[in-house]
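*Asks:* Below are the chains, spelled out letter by letter.
There are 2 protein chains.
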Amino acid sequence: MKKISILGLGYIGLPSAAYYSKFNYHISGYDIDKDHIENLKNSKFDITEPGLSSLLKKQIKSKKLEFVDLLPKSNIYIVCVPTPLKKQKKVFKPDLSYLKHAIKSIKEAGVNTKTLILIESTCPVGTTEKVSKIFSADNFPMIAYCPERVLPGNLLKELASNERVVGGIDSRSTNAAFNFYKNVIDSEVHKTDSNTAEMCKLVENSFRDTNIAFANEISLLSDKVGINAYELINLANKHPRVNILEPGPGVGGHCIAVDPWFLINGFKSSSRLLETSRKVNDFKPKFVLKKLDEEVVSFKKQNNREPKIAILGISFKPDIDDVRESPSLDIAMAAKKNYKDVYVFDPYQKESHDIDICKEEDIFKCDLFLFLVNHTHFHNSKFTKVFHTKNSLDFCNFTKSKVL
Amino acid sequence: MKKISILGLGYIGLPSAAYYSKFNYHISGYDIDKDHIENLKNSKFDITEPGLSSLLKKQIKSKKLEFVDLLPKSNIYIVCVPTPLKKQKKVFKPDLSYLKHAIKSIKEAGVNTKTLILIESTCPVGTTEKVSKIFSADNFPMIAYCPERVLPGNLLKELASNERVVGGIDSRSTNAAFNFYKNVIDSEVHKTDSNTAEMCKLVENSFRDTNIAFANEISLLSDKVGINAYELINLANKHPRVNILEPGPGVGGHCIAVDPWFLINGFKSSSRLLETSRKVNDFKPKFVLKKLDEEVVSFKKQNNREPKIAILGISFKPDIDDVRESPSLDIAMAAKKNYKDVYVFDPYQKESHDIDICKEEDIFKCDLFLFLVNHTHFHNSKFTKVFHTKNSLDFCNFTKSKVL
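Taken in sequence, the protein lines are chains H and Z.
Under the numbering used here, the letters of the first sequence match residues 1 to 404, in that order.
Under the numbering used here, the letters of the second sequence match residues 1 to 404, in that order.
Calculated from the structure, these hints are not laboratory results.
One or more hints might be untrue.
The list treats identical chains as interchangeable, and a pair is accepted whether it falls inside one copy or across any two copies.
Said to hold, decoys possible - The calculated lysine-lysine pairs, modelled on DSSO-like cross-linking and capped at a C-alpha distance of 27 Å, are:
id, residue 1, residue 2
1, K133, K300
2, K57, K22
3, K224, K191
4, K268, K286
5, K224, K279
6, K93, K279
7, K279, K268
8, K286, K308
9, K34, K104
Using the sequences and the hints, build the whole thing.
*Replies:* This is how it looks when you write it as structure tokens:
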């Protein structure tokens with residue numbers, strides 16, 4: 001049985017480890033965070049992804065999946081480490097230190113000409129070629145870039161069903177990557193070179209970012225004109241060649257709000273649209289706070305007292321617990337700072353988070369409601385009653401009945 | 001039989017006149033251009049739209065359609081006049097003089113409370129409400145804004161099959177407009193107010209413009225990185241939630257390159273993305289000319305003489321004759337100015353146009369080929385041979401095999 005090591009056990013690495021262990025491979029899950037490994041060894045999983053916990057437990061029990069402190073020599077290494085952005089002098093630069101560290105660990109664990117290294121972390125174009133230079137010519141492994149495209153909340157299904165793009169640094173690497181993914185997914189695998197594969201991932205998320213920015217800009221324009229953005233977009237989408245996304249409180253998550261910077265950085269003059277999209281999406285939370293302030297002022301005028309404000313939802317999208325880069329969390333934190341009585345509630349969050357989360361019953365004594373995340377949990381008579389009877393602002397299309 | 005007058009017999013008005021006359025209406029086609037009316041009376045049609053000529057002839061013969069110099073009193077007036085942009089101090093402002101003139105003519109021809117006025121011309125938000133103010137209260141007609149969404153080249157089909165949005169200045173107007181379109185189209189009609197209907201049209205075309213700008217920006221970035229934009233986009237579109245359009249030489253036509261300005265104008269601070277999209281698309285022809293220049297310089301170095309340059313296609317999209325706002329026409333004109341030997345060929349253009357069109361056989365003696373419009377006419381062995389054996393630049397995805 002071939003041995004696979006997965007480096008980086010976060011939102012992608014951990015589900016991937018569980019998923020790939022269902023096939024004829026032995027999987028070693030490795031992470032530089034020793035505490036994280038210790039938790040995983042004790043079956044403490046901190047990711048709410050449908051079906052993941054039970055699959056992990058099953059695969060660990062079957063001995064096809066284990067978690068390790070030391071990276072073992074393997075036939076295949078899959079790199080899923082983070083590549084965050086560092087802000088340097090107002091410019092975002094990708095921090096490739098985790099990736100470089102992972103590649104160095106792989107070299108130390110041992111490679112030969114039959115070893116396959118698959119990089120799934122998001123990278124600037126040219127990274128795979130660059131990092132491969134550390135391997136010596138006589139033991140040069142096969143290396144390919146293979147972006148993941150999965151949607152949090154539907155990860156295990158999309159790992160199986162999404163088409164994949166694989167780009168090797170040479171055709172031997174491309175073919176080896178092709179054969180691996182062909183074996184473990186139920187969909188097509190497309191071959192290209194590593195530069196194109198790297199750019200492919202960045203372009204995909206930039207496309208999403210620009211289209212969300214378009215929706216958000218339409219919501220700003222609709223506000224100026226005084227019409228309902230959700231109704232407008234619904235009508236425009238009746239056009240056979242138009243498909244406008246939904247406006248929201250901004251853009252979050254670890255991909256869409258981040259990846260465009262990997263393209264903008266270095267090609268500023270050729271990426272004006274991508275940069276403007278980022279700015280429009282980053283502006284949206286400020287717009288939400290401005291609208292909240294208008295409501296607070298109006299409430300105070302009418303009631304001669306400060307309103308109790310309820311903020312509903314802080315994750316970056318509905319029905320998940322992920323708050324990375326979440327504009328709703330930023331809005332909640334700013335509101336806590338700006339106003340006296342602010343209650344933040346999210347059914348997916350425990351009290352131990354970046355922000356105090358109130359009990360659900362505390363919400364209903366509030367005066368002013370800010371709907372930020374369209375969690376399914378909110379779709380019941382208690383919340384819809386609040387929406388229709390109290391002062392409410394809807395920035396997540398909670399219902400399509402109120403002007404944004 | 002109810003009488004309909006159609007004001008403005010251009011790309012939309014003329015096909016609409018032909019199409020609506022198939023139903024239980026008598027249609028009078030009216031235009032302020034007397035020569036145009038004279039030509040139409042003599043069955044001289046200058047629009048190449050599939051099926052249109054034969055339908056016009058048939059409907060004229062059946063006496064259900066006639067062309068008139070004087071606007072007759074009618075039950076329904078449909079306004080299809082142009083609303084061009086005027087450049088004033090570097091800012092584009094919509095020129096509503098034709099629309100105002102049309103509304104004035106309608107008032108003079110005669111209206112009463114049962115008259116229905118349908119405005120199909122593209123307008124800034126609020127225009128329908130504004131122009132309706134000229135009617136006196138006692139004879140106030142029903143007025144609705146009903147944007148058209150048809151695709152040149154497929155117009156007669158889309159007039160029947162596209163869903164429509166109708167927005168009256170009051171509910172009586174909305175309902176009357178709804179009933180008219182419901183009677184003549186095979187698809188759904190959606191009711192809203194006139195402001196939302198006006199904005200709907202602008203948003204639809206702005207969506208297209210931003211998405212073409214995204215594709216064009218990706219082509220610029222791909223050029224910097226040295227990868228094939230068409231291959232890249234093809235791969236990215238394998239993502240389940242990504243649908244990137246095709247890059248081209250720029251954006252033309254009377255809608256997509258124009259309509260975003262109706263929104264940008266007046267709301268500049270809330271339309272940064274729309275404005276950047278326009279700038280990116282307007283820059284693309286300059287990029288094409290730069291790439292052409294690089295090829296010319298390289299040819300001269302290798303051959304010690306000026307190349308004969310062939311430019312293929314000048315319309316704003318494939319398989320039509322329309323050159324309005326066409327970036328390919330602009331590129332052809334600039335190339336004619338910049339270089340000595342430039343041959344421009346487009347199978348849809350006669351010699352009498354804005355630019356000299358060469359004979360098809362002259363093309364094949366050229367050295368350097370610029371494919372700008374992907375006309376079906378070019379897809380034969382003569383042109384594909386040229387593409388593969390001579391120096392060729394492809395800006396219309398003529399084949400997917402060459403780097404943009």
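*Asks:* Each hint: holds or not?
*Replies:* Hints, verified against the model:
1. K133 <-> K300: neither (64 Å within a copy, 39 Å between copies)
2. K57 <-> K22: within (12 Å within a copy, 69 Å between copies)
3. K224 <-> K191: For K224 and K191, the Cα distance is within 27 Å only across copies (22 Å; inside one copy 47 Å).
4. K268 <-> K286: Both. Shortest intra-copy (25 Å) and inter-copy (18 Å) distances satisfy the 27 Å Cα cut-off.
5. K224 <-> K279: both (19 Å within a copy, 23 Å between copies)
6. K93 <-> K279: both (16 Å within a copy, 26 Å between copies)
7. K279 <-> K268: both (14 Å within a copy, 15 Å between copies)
8. K286 <-> K308: within (20 Å within a copy, 56 Å between copies)
9. K34 <-> K104: For K34 and K104, only the intra-copy Cα distance (18 Å) is at most 27 Å; the inter-copy one is 79 Å.
Checked against the numbered hints given earlier, this structure breaks only hint 1.
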